[in-house]
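2 protein chains.
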Amino acid sequence: MPIAEILTIGDELLSGETVDTNASWLDARLADWGWTVARHVTVADDVPTIATAFREAAARAELVISSGGLGPTQDDLTLQALGVALGAPLVLHEATLETIRARFAKLGREMTPNNVRQAMVPSVGEVLPNAVGTAPAFTATLGSCAIYLVPGVPREMRWLAEQTIAPRVRRAAPAIFRATLKVIGLGESKLEHEIRAVIAACPGARIGFRTLGAENHVKVAAPDAAALAEAVAAVRGVLGDKVYGAGEDTIESVVIARLAARGQTIATAESCTGGLVAKRLTDVAGASAVVLGGVVAYANALKTSLCDVPADVLAAHGAVSEAVASALASGVRARTGASWGVATTGVAGPGGGSPEKPVGLVWVAVAGEGGVEARELRLPGDREQIRQSSATVALELLRERLTTTG
Amino acid sequence: MPIAEILTIGDELLSGETVDTNASWLDARLADWGWTVARHVTVADDVPTIATAFREAAARAELVISSGGLGPTQDDLTLQALGVALGAPLVLHEATLETIRARFAKLGREMTPNNVRQAMVPSVGEVLPNAVGTAPAFTATLGSCAIYLVPGVPREMRWLAEQTIAPRVRRAAPAIFRATLKVIGLGESKLEHEIRAVIAACPGARIGFRTLGAENHVKVAAPDAAALAEAVAAVRGVLGDKVYGAGEDTIESVVIARLAARGQTIATAESCTGGLVAKRLTDVAGASAVVLGGVVAYANALKTSLCDVPADVLAAHGAVSEAVASALASGVRARTGASWGVATTGVAGPGGGSPEKPVGLVWVAVAGEGGVEARELRLPGDREQIRQSSATVALELLRERLTTTG
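Top to bottom, those sequences are chains A and B.
Numbered according to this note's numbering, the first sequence spans residues 646 to 1051.
Numbered according to this note's numbering, the second sequence spans residues 646 to 1051.
Just so you know, these hints were derived from the structure itself, not from any lab.
Some clues are possibly wrong.
One copy or any two copies: either way a pair holds, since identical chains are not told apart in the list.
Unchecked claim - Computed cross-link-like contacts, BS3-like style, restricted to lysine-lysine with a CA-CA straight-line distance of at most 30 Å: (1) 864 <-> 1002; (2) 887 <-> 751; (3) 1002 <-> 751; (4) 887 <-> 864; (5) 887 <-> 1002.
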């Protein structure tokens, strides 16, 4: 596949303030469009540095997409730097200025003088209109490389990439076929050991492994669709029902889809995850057909008042216990009339741990028609990782119930 | 300040599967340690490419930290590539192998043959023990540049950076003094226009602007502490009470701190945000002193059964309305006995919009001793952005109440 590079520009990307999510989003799109992204480079808002980065990337790749530095402020220097790389002066692009004026007028907002900067573009190249913001995109050819400049604001970057860049750069279908199988709660080394043996018998297939919190992803690549199908089948043969999904699936999207197919509903009762299970379930567009909602029972009083956990159970076992996890799941199910109740309770840290109940100890539970089932977890990581893994495993426990109950 | 670069390594960082959060985390640490990060580079798991990237970075910077490619699998190639860059063969490091063996024994897990790979290191350089994982870190000098290799797993990377790398690379205090002031709900151009005027009178001070969802951040830099204080005061003079916090503050950490100082509590009633407000509040370590919990009232039935929103109010106004937002906030406050109730209801999309109630229309409300107050929002962006901005503005509305009520 032809080689692309991504150049992201901005002091805030090098100071720890901002995580660069644009590069990874563009990676996925470029793979779909038939390109291999070979490199990301991030540089500061500095004209000579950006200009050099453009020249270096253009010497290595056939396509460079840069994001950032097209805004109205004085630290937005990408058009100027591209002009330097091209050896082309900046000129006022009247049509762009008019578009920016019209946009401000329509929003009833005052156009400030610095917005004029966004209409100053290199004399060589082409302005690409941006229907979702004031910053126009721009394209030019440097040597034999096509360069596209898009704003750093993710919404505008995404719109321009899909609406404007994709039609110009999309290639034929990729020559490598890929799949990702996802499981929860298997160790990486053990997984690899078992799977390599079966993959060795699949000609041309390659595998990779990735651990993301409580999840393990097995990546399979093969030279054609038939070889990929064979390799995927071999991996599935090892993993069986442990595979919760593939590709873009998430545990929450899989659970939502299964519940929707059954016409069933879900409610959550969360202590240590504090709303994260419900938030992840409702990340899925269309979740409202399945997710009734639930309770964040962070304080013990709410476990009793909103989820009917008996006060004596709380007193006898403590909040972080199998009994309370089970009572939360059953309680929220009964209160809401949902088909399934899912609950979490644990010690997410950094404080609150004890020798008996250390940071990372979490109980998750699932209540349904067939009764309630709980699972004890000992999770590594920091507060955020423990909370994310708790939510992931709680949803996996429900998925397993949905699998075994047909 | 001396120049550092960050090199992140892994196919998954270029395929759209994984957002590179390590680089930005290292940026912030390196700034604290007196370094300027001038560049990030991300390359694939390929020995010649990684080796070239090491050589190029070492020619530009005094310090290079690379993350990724130290695991046990066959696509972990960073040590091999560093060996190529150094012109040094790989040798078995017995002490590391012993540490890995001991680690597996302690966890009661089987050590598979591929784990031996992690003990093969360049003959020139030094192994840096990793107390939180099997992958050791490594350091060597290439030309006049110090190179540090850490694993890509964030928890291990962070531990090694703080425990092992920091003591070796930390410099004197930085020569630039920086501050960030944070506000919610001001437009970037307007903000800049008003603030540039006052900053112009502050000698040596520079400002930058950053929009993050519903938030605007004003970054101030100055050559010394007194100049920074003066510039910060000037910006605060323009923004007044709009400034919710500075530096590492988040709107949720500020709200938690203010409530804790008053001995007050909070409960949430969320429709469109689906648990996100509660999740963000409980992201703050120690939130349990303040956050009682709340209700995710995604389905209308739960708005009534768990938050006492009258069915006739729902029928008359629809779920996305001032009346329902207010009833949710008041209802959850009454049910839980919290000092404050915070509520959201809106159309997060992508479906569910209508001409009258389009995607992005959100009502947030805050109920307290002084009554209930609601605010209508028209939010841009996709589902995730609309939900995040809704949560942000809901918490800002509470902060404003806490500010005006002393």
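Okay, the hints, checked on the actual structure:
In this assembly of identical chains, the alpha carbons of residue 864 and residue 1002 never lie at most 30 Å apart, being 36 Å within a copy and 42 Å across copies at closest. In the homo-oligomer, the alpha carbons of residue 887 and residue 751 lie at most 30 Å apart only across protomers (26 Å), although the nearest pairing inside one protomer, at 54 Å, exceeds that limit. Taking the closest pair of Cα atoms, residue 1002 and residue 751 come within 30 Å of each other only across two copies (20 Å); inside a single copy the shortest separation is 59 Å, beyond that limit. Taking the closest pair of Cα atoms, residue 887 and residue 864 come within 30 Å of each other only inside a single copy of the chain (15 Å); across copies the shortest separation is 48 Å, beyond that limit.
In this assembly of identical chains, the alpha carbons of residue 887 and residue 1002 lie at most 30 Å apart only when taken from the same copy (29 Å versus 42 Å across copies).
In terms of the numbered hints stated before, the structure departs from hint 1 and from no other.
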